[in-house]
Every structure is written in C-alpha cells, then in structure tokens.
Amino acid sequence: MSGTSATIGYGHLRGDWDYGDLPASIHLGQGCWIERRDSFERCRSQRDPAVLLGNRVQVYTWATFNLEPTGQVEVGEDSILVGPVFMCADRIQVGKRVVISYQVTLADSDFHPMDPLLREQDARAVAPGGDLSKRPPYQSAPIVIGDDVWIGIGALILKGVRIGAGARIGAGAVISRDVPAGCVMEGNPARPQ
Amino acid sequence: MMRNHPADHRQLEHDWYDGGLPDNVRLDEGCWLHSSYAFLHYASQRPCGVSIGKASGIYRGTFFNLGLQGEVRIGHYCTLRGVIINTNGLVDIDDYALIAHQVVISDAASAIPPARSNRKESEVAPEAAGETTRQPTIRIGRNAWIGCGAVLLAGADIGMDAIVAAGSSVNGPVPAGTLAIGNPYQLRPLKQQRS
Ligand SMILES: CC(C)(COP(=O)(O)OP(=O)(O)OC[C@H]1O[C@@H](n2cnc3c(N)ncnc32)[C@H](O)[C@@H]1OP(=O)(O)O)[C@@H](O)C(=O)NCCC(=O)NCCS
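Protein sequence lines, in the order shown, are assigned to chains A and B. Using my numbering, you'd call the opening residue of the first sequence number 1 and step up by one each time. Using my numbering, you'd call the opening residue of the second sequence number 1 and step up by one each time.
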C-alpha cells in the first residue's frame, strides 16, 4: 500500500488542509470552505486573479475548476458550489447567494470547432503526443449568473449565457440563451415555465 | 485463454490506483489511459474487452463498466474526457471521435454496473463465434463529436462528422453530417460539411 497517502491523511479530501498551498492566483475571501484541494487541479489559468471566491463561499468535493490559460472564474459571497464543472476559456461570473447543484457544467466555449476538417485537425492536436500549437482557434463568450440564482442537478449552461437575478434552472435543463430575472426554466432545450 | 485475473495484473507506469490492467485489454502505441481505475467495474470475458487505438487519450473519470460479453473498440486519435461506458454488447468508436465529460454510453437507460462478485464460470463468453461480424449496439462514427453530459443509448448510431449537442439523449441513427439536439432529440443538418 502506498505509505504517502496514509501519512498525509484524508484532511485534503475533507476541507481540512492548508488553503495557503493554493497558487497565489486563486484568491479566497474570508470564511471560504473548500472540501477537496483537487477541485483546482485542472486550473491552468495564467490570469491573476484566476479564481476569485467571495466571503463564505462553500466548495464541495464535486466542484471542478477546469480553466484554460486565459480563463477566469469569479464567485460572489455566500454562494454554494455543490458540483459545478467550470469549463472556462474566458470568463465565468457567478453572483452572490447562488446555489449550483450536482453535475452542472458551465462552459463558456464549445472548445472544438464545428467545421469537420478543422475538428479532425483539433483531435490530432489534443491527442497524446500531439502538438497543441496546431489547435485551430475556438470562440468563447463569457457566462454571467446573477445573484440568488439556483441551478438544478445536471443542468448545462452554455457559452455567452446571462442568467438574471433570482432565476431557477430545473434539473437537466440545457440553457443556451439568456434567461430573464426571476424566470423558471426547464427542459432541453429549456423553456420558461 | 485470455482471462481477467486481478492478481497477476499489468500495471500502467503512472497509475495512482493499484488495480492493474485486465489481460484482455489492448493498448496501442502512444495512447494514454489515466488509470486502471477505469476498470473498477469490468467483467468482460471477450477475447479483447477493450482496445484503445494509437494516440487516443482516455482521461480521468472514464469507466468501462462491461458485462461478461461487453466490448469496447476505440480507434486512433480519439478523446474520451471522462465517459462512462456501460454495456454487455459492443460499443464501436471510430477514429478522431471527441467525447466530452459526463457523457454516458449505455445499452440501457437505467443501467447499473455489471456484477463482479457472483460471476459464474458457466457464463464465460463463447470465444470466436461470430467474432468479426458482431454488430455494435452503439456506434460512434469517425470524427463525431459528443457534447458534455449527452447520453447515448442502445441503437445510437452516430455518423461521420455528426454532432450530438451537449446534454442531448440519443437512441437512434444520427446520419453523417447532422446535429442531434435536445431531449427528446431532433435532427438538424449541420451548416459546415466536409468539402
Ligand atoms: C451543438 C453545439 C455545438 C451548437 O452550437 P452553436 O451552433 O453555436 O449553437 P447556437 O448557440 O448558435 O444555438 C443554435 C440553436 O440551438 C439551441 N441549442 C444550442 N445548443 C444546444 C444544446 N446543447 N441543447 C439544446 N439546444 C441547444 C440554441 O438555443 C439555439 O436555438 P434557437 O435558434 O431556437 O434559439 C453546442 O451547443 C454544443 O452542444 N457544444 C458542445 C460543447 C461541449 O460539450 N463542450 C465540452 C468540451 S469538449
């Protein structure tokens, strides 16, 4: 058995670890709680701040910050991140008191081209041993989530979407267009209820 | 005969998990498999349960939950970014396929992982019978793109260059060069075609 994991213990999986270990570009407000250090393992952002969490933000084990070198994620105070997967090439901004449930993806880009030949070129470039400089460029558009929004289990929030304050996104809803404040959205494609 | 004995396992050099690779898994040159943890719920007794083509990347969160007859063939230059494959049939994935995170590919909508513990010797797969002619239960064509969170069920047959939009659920043919979108899904022609 590997001795290392036994000596480190499981604190790093339960929120009890030295948050000062995080890269300096990850800024935490007061009273933030982050269950699992690995939530930031895929944070490759070169920006500063790369991630900005407001006071008392809670980040559960299922949350994943997958940031490209150009990505930036900001989360307002008292938000609860249960299981968002942030796929971020540009900017994703989450308001205050937002709740994001299990297996929600927020992707500010499609990350691959629609054109079939360019996509084949992309597949080669991202393959193991491939040349990442040969990746064709892809578009991105920032996502903005207003204050007091709730996002249900498994919902998807796609590029360029703005969700107004207090909106409710149902489980499994796919949001690819803006949502007005206070609106309840369900289904795929999502429709106002 | 190829059998899956966890005891005398092959190991990936970089593995953090000590489960080892089942014997009936074939890895081609230059492919990347994140961990043998992908075989946590793997019971395939086929001559080759999983084959991964050259320079294909199989990343964290991918699981091969295969029953005794389960089989997955992955071509060259494919990307599987964290995909759960749950099958007792044949899942055939052609070259250049891009499959995003949280995609589930399963023969059944209410699938559970195949039982590992009460595996019976009598259930061992008959070898070679119809080996070359076995029909896929789910097929993903060359250069197809499956968006994050999509679900592919039995009957899904994704054509070359086709796209399954993020979050869609598909259980039928998606012809080459079309987009499947929504749940229930609709087919739309793609503007961009191979020229
Ligand atoms: C399929 C896809 C590529 C379409 O992108 P696009 O052509 O830019 O689509 P648009 O945003 O212009 O939307 C076109 C229409 O489809 C709808 N739509 C777009 N994506 C949708 C989706 N995933 N599910 C349901 N409807 C969707 C839009 O609401 C819009 O409908 P409308 O015309 O009635 O308003 C994209 O939505 C997608 O699913 N990308 C996958 C991204 C992914 O998985 N990335 C992970 C990294 S690998």
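Everything labelled a hint here was simulated from the structure, so no lab data went into it. Errors might be hidden in some of the hints.
[Stated by the list, open to error] Heads up, simulated DSS-like pairs for lysine-lysine below, C-alpha to C-alpha not over 30 angstroms straight-line:
| hint | chain 1 | residue 1 | chain 2 | residue 2 |
| --- | --- | --- | --- | --- |
| 1 | A | LYS159 | A | LYS134 |
| 2 | A | LYS96 | A | LYS159 |
| 3 | A | LYS134 | B | LYS54 |
| 4 | A | LYS134 | B | LYS191 |
| 5 | A | LYS96 | B | LYS191 |
[Stated by the list, open to error] DEER-style ranges, computed between Cβ atoms:
| hint | chain 1 | residue 1 | chain 2 | residue 2 | range |
| --- | --- | --- | --- | --- | --- |
| 6 | A | LYS134 | B | ARG194 | 30 to 36 angstroms |
| 7 | B | PRO189 | A | GLY31 | 51 to 57 angstroms |
| 8 | B | ALA108 | A | ALA171 | 18 to 24 angstroms |
Just so we're clear, the structure is a prediction, and the values are computed from it rather than from any experiment. All C-beta atoms, glycine included, are put in the ideal place defined by N, C-alpha and C.
Exercise. Do the Cβ positions of PRO189/B and GLY31/A conform to the proposed distance bound of 51 to 57 angstroms?
Worked result: Holds, since PRO189/B and GLY31/A (Cβ atoms, about 52 angstroms apart) stay within the stated range.
Exercise. Going straight from one Cα to the other, do LYS134/A and LYS54/B come out at no more than 30 angstroms?
Worked result: holds, 19 angstroms
Exercise. Are LYS134/A and LYS191/B close enough, with their CA atoms no more than 30 angstroms apart?
Worked result: holds, 24 angstroms
Problem set entry | Outcome of range test on Cβ distance (ALA108/B, ALA171/A; 18 to 24 angstroms) | For ALA171/A against ALA108/B, whose Cβ atoms are near 21 angstroms apart, the range 18 to 24 angstroms holds.
Problem set entry | Distance restraint between LYS159/A and LYS134/A, which requires alpha-carbon spacing of 30 angstroms or less | Satisfied, since the Cα-Cα distance of roughly 23 angstroms is no more than 30 angstroms.
Exercise. Would the pair LYS96/A and LYS191/B pass a check requiring their Cα atoms to be no farther apart than 30 angstroms?
Worked result: violated, 39 angstroms
For this session: Kindly confirm whether 30 to 36 angstroms is satisfied by the beta carbon distance between LYS134/A and ARG194/B.
Result: violated, 19 angstroms
Exercise. Is LYS96/A within 30 angstroms of LYS159/A, Cα to Cα?
Worked result: holds, 20 angstroms
Hint compliance for this structure: hints 5 and 6 are broken, all remaining hints hold.
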